[in-house]
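Residue strings, one per chain:
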Amino acid sequence: MSAAAALLQLAGVALAPLLPGSIQTGKARLQGRRGPSVLQPYRTLWRLWHKSAVAPEGAGVMYRLAPSLLAACLLAALAIVPVAGRTGNLGLGNDALVLVGVLALARFVLAAASWDTANGFALMASARELMISVFGEALLVLALLLAALPANSTNLLAMSAAAAGGHIWSGPTHWCGAIAFLLVILVETGRQPIDNPDTHLELTMIHEGPLLEYAGRDLAFLQWAGAARHWVILVLGAELYLPHWGSFALNVGLLAAGVALLCGALAVVETEQAKMRILRVPALLGVGCAIALAGAGMWVGGVGV
Amino acid sequence: MAVLGAVGIGVLVGGEVLGASFHSAIVPAFGLDPLSGFFLAVLAVTAVPTLVFARDYLPASPGARTVGALTGAFLLSLVGVLVARDVTTFLAFWELMTLVPAAAILVARRDQAVRSAVYAYLAITHLGGAGVWIALITLAHHGAMGDPSALAAAGTGAQTLVAIAALIGFGTKAGFIPLHAWLPRAHPVAPAHLSALMSGMMIKVALYGLIRVEFQWLGATPRWLGLALLALGLLSCLGGVLWALVQHDLKRLLAYHSIENVGIIALGLGASLLFAAAGNSTWAAIAFAAALLHVANHAIFKALLFLGAGALERAVESLDLDHLGGLLRRMPWTGGAFLVGSMAIAGLPPLNGFASEWLVLQSLLHVAFYRPLGVALLGGLALAGLAMTAALALLCFVKVVGLVLLGSPRRVECERAVDPPTGMRAGMAVLAVLCVVLGLVPGLVVPTLAGLAPGVHGPALARHAGLVLPGTGSYLPLPLALALAALTLGLVGLRGKRRAAPAPSWACGQPVVSALNWTSAGFTKPLRLVLEVVLRPSREVEVARGSGMVQSVTYEGHVPSLLDASVYEPTVRAGLRAASVARRLQSGNVRTYAAYLLGLVIGLLVLVYAGVLG
Amino acid sequence: MNGLLVTTMLGLGLAIIVVRRRSVGIALLAAQSLALGILALDLASGRSGDYWVAAVLLGKAAVLPALLYLLIRRTPEARPVAAAAGPMVRLAAAGAVALCAAVLIPPLGLEAPHTEHTAVALVLVGVTIVIARRPILFQLLGLLVAENGLSLLAVSVPGGLSYVIELGALFDLALIVTVAAAFAQRIHSDLGTGDTELLRGLRD
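Residue numbers (our numbering), protein chains in the order written: chain A, 1 to 305; chain B, 1001 to 1614; chain C, 2001 to 2204.
It is worth saying that the hints were derived from the structure and are not from the lab.
Please note: incorrect hints may appear among the correct ones.
To be verified - With the C-beta cut set under 10 Å, the calculated list includes, among others, these residues of chain B facing chain A:
{"id": "1", "residue": "V1107"}
{"id": "2", "residue": "R1109"}
{"id": "3", "residue": "R1329"}
{"id": "4", "residue": "T1524"}
All C-beta atoms in this analysis are idealised placements derived from N, C-alpha and C, irrespective of residue type, glycine included.
Construct the entire structure; sequences and hints are all you get.
In structure tokens:
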């Protein structure tokens, strides 16, 4: 409900590529290399912007439309997620379940585009990604349930306000939610142990697969969309499951620190963990769901509220 | 055909009086009240485009006039069930509603597979339908049709009997798992417009009966019933979509999705009952409205999908998923309508499927706030289950859209496919437009639906264009759709019109041949592997060698229907064994039968003498 | 005398279950129907409708046995048909059934309990004849005995039963007999015998 918040949400468009960039740099430093600079994704986007596109044989309207539609979905998601406890009231509401729906639309569009090119690698990757998303979506909804329990509402503003302060951390529910949301972050951003974002082997791709068939500005849109996904889920995580309190400016600072912390955590996790066998991923996500359900049960049962 | 069209329009006019309470007395045989008016409106909205479609679809199929007449009879029986006000009328039209589609299916096709499917349909619906008879006759016996207090006065025993009997009876007809086995057999073999009506409306009419008995006439809101509905709904959701994923025939896939959507409606109804039992009437009304909205939405997009499947079958002869493709470019109208229907059923914003699924998700989330602990946990489990179902439906329909509409055609008939005649296109287009409209402004309909919930007096929700719920987040589809459209157009503009370099698809440098085409089973393989325990797939690989080298490899994979093997087949075997034992009584000898008669008479006389009878 | 006639009817019915020759059975049936007609005439003093009923019954006593006799003339049996059980067993069974009827039947509201019991006993004995005898003709005879029992009941009702009903019953009966006779002739000409046990071989 303020212009500053609206500006911050729109700034997400420009700031999003910073997140995967910083994760890459962090990983490189941890692995003893110098690595690319934090601004490397911007250079990639600039380079792609000036290249020409590709038209695979047999590809139709879905292929051509998909990158734009995908980027539009993620722009809408950016407008739905509030920053630092306030929203710019951009007309799309702030509902958590609507966010889930918009992300689902994005997944559909990309998978349909991979069918349009009928490329084997893109389809294999889409099949795997959709399989993981079956369990990932259950986990996401349960994590949002845990955040909604203190607030009695699915409005992200209310959820963020209810998670402010320190008292929420005294009971086990919020800790369960944090663990579940960490798994959600891994699923949505496509980081190890669930997926390897640095892979060049087509047979091991999950999130990268459908991008194989694109070039030029289309690919720029898709790369940006991946970065926007990082922004959406990391900001959401910091809003709901990292400590925040106080005035708006303090909250902005805490949000920046929280996102940076999460990026660092992701870099550490990626360095420490090897990629998990894909057929074992649902078991991991199932454990996350069980933890979340236990947390919900404990809240309703009145444990440590 | 014109007569049938007039019937449709007449139904439309009759159903339009939603909200105005007609005479809801019970003693006269026919009447309408807001709830049945709503269902009648949904029937009309679904039936009119279907009839327009059928006008152009039927003349090319065998037995066109008979099937057309039987379709009209089917519509009349559906209307009859909705307007019936006493037991005999309801049951008479109920039986008619069951039997007419069976006749229509048998007119068009007579082969052995179809006949056994129809027998299974009739047998299972009648066995389960005994529940309907028991429930309604008990209600009439206690004078409780339309009068909730009468059954409450009859005690909890009668209430429990009626509740369980109605759940089984109407549940069989609606297609809850484990009573669903007739649905995937009967719906695919019917003509396209009849499948649309069966999946769209017959199931909904069964749910209408369920709502009437369990919500309005039961006289109590037992919590166990809400939990049972939640559990059945969850089971139907997940089971329906999982078995849909492994189907190769498009129509059978759509039939299994009907089961899934009925499960979603049951989830909404169960949540409503749980809220009512806990005393929260606002959320009970919201959950009820969610279920009713999904009733309307499912009727529309399922009819659209079945009509699309019928049009596709007309164009390319076979609906085997692995041999279609590229039809979006060649049949733009059909393909576009089918795409809209698929996106709606997959629950994607801003179409109507997402609106009702969002409402059900909200209801389940709020159920999870409640003690006792069991209710909250079941609510949370149902919430996770519904999210999984949505993701699974998305997977399934991406696969369907990809295999049917996108990519390149895999058969000669697909290359030569053309759009069907105007009538069929018009029917599908109307339904697709309805999907979009209901998706953009669901808030216009929802407050009226919330007012239909039992025990609600006065408006529970304010009327907006979007879905604004009290005390929780809101869904505003119109701004969302506008934003998405505007942003997409902007980005397409930004992308520019630079000439794209034509290139073959990347297949590690080798030329793309038809053998590299991805199949339906291939796309669902990761999921099949993960869910091996549930699906129990079986596979057979045969390698034929000749002169030391592999000549051919044959692969056969199959996912059996678990319930068929573990529940239905033993039951059928036991029934046949019992029948063969009873057959020994039939000797064919006149004198034996006369002896039975004499024995019966003397036995009755003895009983009369002993004072047991009369 | 009415009681004597009624008892005679019962005795004749029991006799039908025992006899071997078909012509004797038909003669017994004729006698039974005659007794019934005389009884009706006796009870008919008073109303004209009752005379009509009595006339119908006497006519039935004449016509039906004649039809049946013509039938057996056309279909001679080559060998004697083996019976299901011996004559004494059959008589005992019929007697038991008649006794059951007499004991178990509740009062029906006729003036003479003897008539009631006999009438119901006759019906049941007729059914027993159908069960116990193998030749088709005897099964027809059994049906006719049962019909006689019903007519006895109808006639003895105080106030008399309408002759319309009687005529209707008679018409049905005549129809049945004609059809059955046609079938019996057909079966006899195909199989050479009227033994119903052999007819079971026609199944499957």
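Against the structure, the hints:
no. : hint  : result
1   : V1107 : violated, 38 Å
2   : R1109 : violated, 32 Å
3   : R1329 : holds, 5 Å
4   : T1524 : holds, 7 Å
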